[in-house]
Amino acid sequence: MPPPASPPVLFAILAFNPSNQLAVRHLGSKQGLAFTGSDLAMAIQRLESSFPEHTPPAEFLSVTAGGRTHRVLFTQVAAPARDSEVVFRPIAALEAAPADLAPSLAAVVAALEPHLAEIPYLHLGENDFIYKFRPAAERNPGIYAQDAAAVALYQSRLCTAIKELARRHERSAADPVPLDFGRVSYVIPSHFGFCLGVRNAIERAYETLAANPGRRVFMLSELIHNPFVNEDLLRRGLRYLQSERGVPYRTEDRPDAPLLWDTLTPEDIVIIPAFGATDEDKRRLVRKGLAVCAYDATCMLVEKVWKAARAYGREGYTVLIHGKHEHEETKATFSYTRRHAPAVIVRDLAEARDLAALIASDDPAFRATFHERFAGRYTPGFDVQRHLERVAVVNQTTLLMNETLAIIELLRDTFRQLHGDDSRVGGGGRRDTLCYATQVNQDALARALAGPLDAAFVIGGRNSSNTYQLYRLCAEKLGERAFFIQSEDNLPSLATIEHYIYDRGGRGRLEGRPLWPEGPPPKPRILITGGASCPDGIIQQVIHRLNGFFPVGTLRDVEAVLADLQLPPAAAFPRVG
Numbered sequence: 000m001p002p003p004a005s006p007p008v009l010f011a012i013l014a015f016n017p018s019n020q021l022a023v024r025h026l027g028s029k030q031g032l033a034f035t036g037s038d039l040a041m042a043i044q045r046l047e048s049s050f051p052e053h054t055p056p057a058e059f060l061s062v063t064a065g066g067r068t069h070r071v072l073f074t075q076v077a078a079p080a081r082d083s084e085v086v087f088r089p090i091a092a093l094e095a096a097p098a099d100l101a102p103s104l105a106a107v108v109a110a111l112e113p114h115l116a117e118i119p120y121l122h123l124g125e126n127d128f129i130y131k132f133r134p135a136a137e138r139n140p141g142i143y144a145q146d147a148a149a150v151a152l153y154q155s156r157l158c159t160a161i162k163e164l165a166r167r168h169e170r171s172a173a174d175p176v177p178l179d180f181g182r183v184s185y186v187i188p189s190h191f192g193f194c195l196g197v198r199n200a201i202e203r204a205y206e207t208l209a210a211n212p213g214r215r216v217f218m219l220s221e222l223i224h225n226p227f228v229n230e231d232l233l234r235r236g237l238r239y240l241q242s243e244r245g246v247p248y249r250t251e252d253r254p255d256a257p258l259l260w261d262t263l264t265p266e267d268i269v270i271i272p273a274f275g276a277t278d279e280d281k282r283r284l285v286r287k288g289l290a291v292c293a294y295d296a297t298c299m300l301v302e303k304v305w306k307a308a309r310a311y312g313r314e315g316y317t318v319l320i321h322g323k324h325e326h327e328e329t330k331a332t333f334s335y336t337r338r339h340a341p342a343v344i345v346r347d348l349a350e351a352r353d354l355a356a357l358i359a360s361d362d363p364a365f366r367a368t369f370h371e372r373f374a375g376r377y378t379p380g381f382d383v384q385r386h387l388e389r390v391a392v393v394n395q396t397t398l399l400m401n402e403t404l405a406i407i408e409l410l411r412d413t414f415r416q417l418h419g420d421d422s423r424v425g426g427g428g429r430r431d432t433l434c435y436a437t438q439v440n441q442d443a444l445a446r447a448l449a450g451p452l453d454a455a456f457v458i459g460g461r462n463s464s465n466t467y468q469l470y471r472l473c474a475e476k477l478g479e480r481a482f483f484i485q486s487e488d489n490l491p492s493l494a495t496i497e498h499y500i501y502d503r504g505g506r507g508r509l510e511g512r513p514l515w516p517e518g519p520p521p522k523p524r525i526l527i528t529g530g531a532s533c534p535d536g537i538i539q540q541v542i543h544r545l546n547g548f549f550p551v552g553t554l555r556d557v558e559a560v561l562a563d564l565q566l567p568p569a570a571a572f573p574r575v576g
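Its first residue numbered 0, the sequence shown is counted upward by one per residue in numbering that gives the first Met the number 0.
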């Protein structure tokens, strides 16, 4: 008998607008696929009769409906349809009324789920970035001086002078800058505070609020890990959909109130923060017909990690993500990576050692403990026997570079012992998933720590991972004379500094302890730095609060200190240490 005939093939092009709504065609009382053809050329011709301009159609899936196989391609269009029978509908609206859909459209809509998170970015090439760093000429300094509250939060004459003096290159640390106030002096690293990714996200948020006075503007979760910046945005009308741990907020503070997620309409705006967003959250936004890419403030250095993970997956590696599984960035990286490769999250070098022991073991029972040890941190269907044969490492951008490199070297050593070489560890000497902004802050801090110091204050949000890493570096040298604080409010007196202790798992607690139990030195030298989400204004306020603990007559005023900063660097700032 001859083989059964293959079902006839129909090409279907799905056209999405920038709000991720699908173009459908009215077919009497039903809605159907808008652009189909017995070959691709015919489908494109029909598409261009409504939308002359569109992105190149890309094939994503195939479905069978009505005895036909539909090869389904996606494209993005911008203008309204020229054909009055073609209208845009949110995917959620189509899913909610399957009886109103022609069978072929119903089958296609049912198959969209795995691809929804890719729809907002159809206009971007694989090597394009969602939101590039703005060059200095395109930055928006006005948002940092909108009113007195913004000036107090974001502006610091001292910090501005230090940056102008010490930052010869954005990517290279320089010598620290001393600030001599007389009775007390401060040592400030050349690089501290806002990185370019944070500036991009902050400017996107304030600009979006200003440009949309009549619309609801939400942030998916915290814009950055700094409560004062987030509170200022709330004061100006921004709202948050969920907590940093993904717990959804309600319209009112009562358990039976609707979730804010459930109230979203296509008229609302949701900004994705610098950490990025999971595919699950992006799919929810796409379904509701909201613009996603236009308000996606994902840091391009986070995206660089995603691109590396994709490349490793295509090369057949399992991706090990060095990160904190509860952190938004690591959640987003894990979510993106699972599209392309098996993945597992390791928190630190200690967990990497646990994983290396599993890799090295030939005991099936011991290897089976992987699923318990790394519960909730590996991709579905993870096979310990197959998926630990070849590995490559990417990282949460805010962690210590040296720890990521130590994890890579540990894995190389493990595979050398097993197989005689380390060719099964991907990446070679690659270091491009390490955020240069995080690293230059750490390098600048290391240079500042090289000189004599009596204390160090690291300033940042309590949930800020990169701030905690800076504190770790300070604590390695200064022990209990290193403090992790959020603002000047944590400095009630020299006798009680409210130091934040960051516990494993992202939780923490405050501990009061004296700055100098035996009393202050004759002329203390205090290092001060801020994490990547710490505004300059808070750094200056901390200096002002510390100065207040010393007699007024023993202090030089700010103008005199600023005058020092105008001297030639060689004369004013000899090398420390």
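No wet-lab data here; the hints were simulated from the structure. Please note: incorrect hints may appear among the correct ones.
Stated by the list, open to error - SDA-like cross-link-like pairs, simulated, lysine to any residue; straight-line CA separation at most 25 Å:
hint, residue 1, residue 2
1, Lys303, Gly315
2, Lys303, Ser492
3, Lys303, Ala256
4, Lys522, Arg461
5, Lys522, Ala494
6, Lys303, Lys522
7, Lys29, Asp127
Going through the hints against the structure:
no.: 1; hint: Lys303 with Gly315; in the structure: holds (19 Å)
no.: 2; hint: Lys303 with Ser492; in the structure: violated (44 Å)
no.: 3; hint: Lys303 with Ala256; in the structure: violated (39 Å)
no.: 4; hint: Lys522 with Arg461; in the structure: violated (30 Å)
no.: 5; hint: Lys522 with Ala494; in the structure: holds (17 Å)
no.: 6; hint: Lys303 with Lys522; in the structure: violated (45 Å)
no.: 7; hint: Lys29 with Asp127; in the structure: violated (38 Å)
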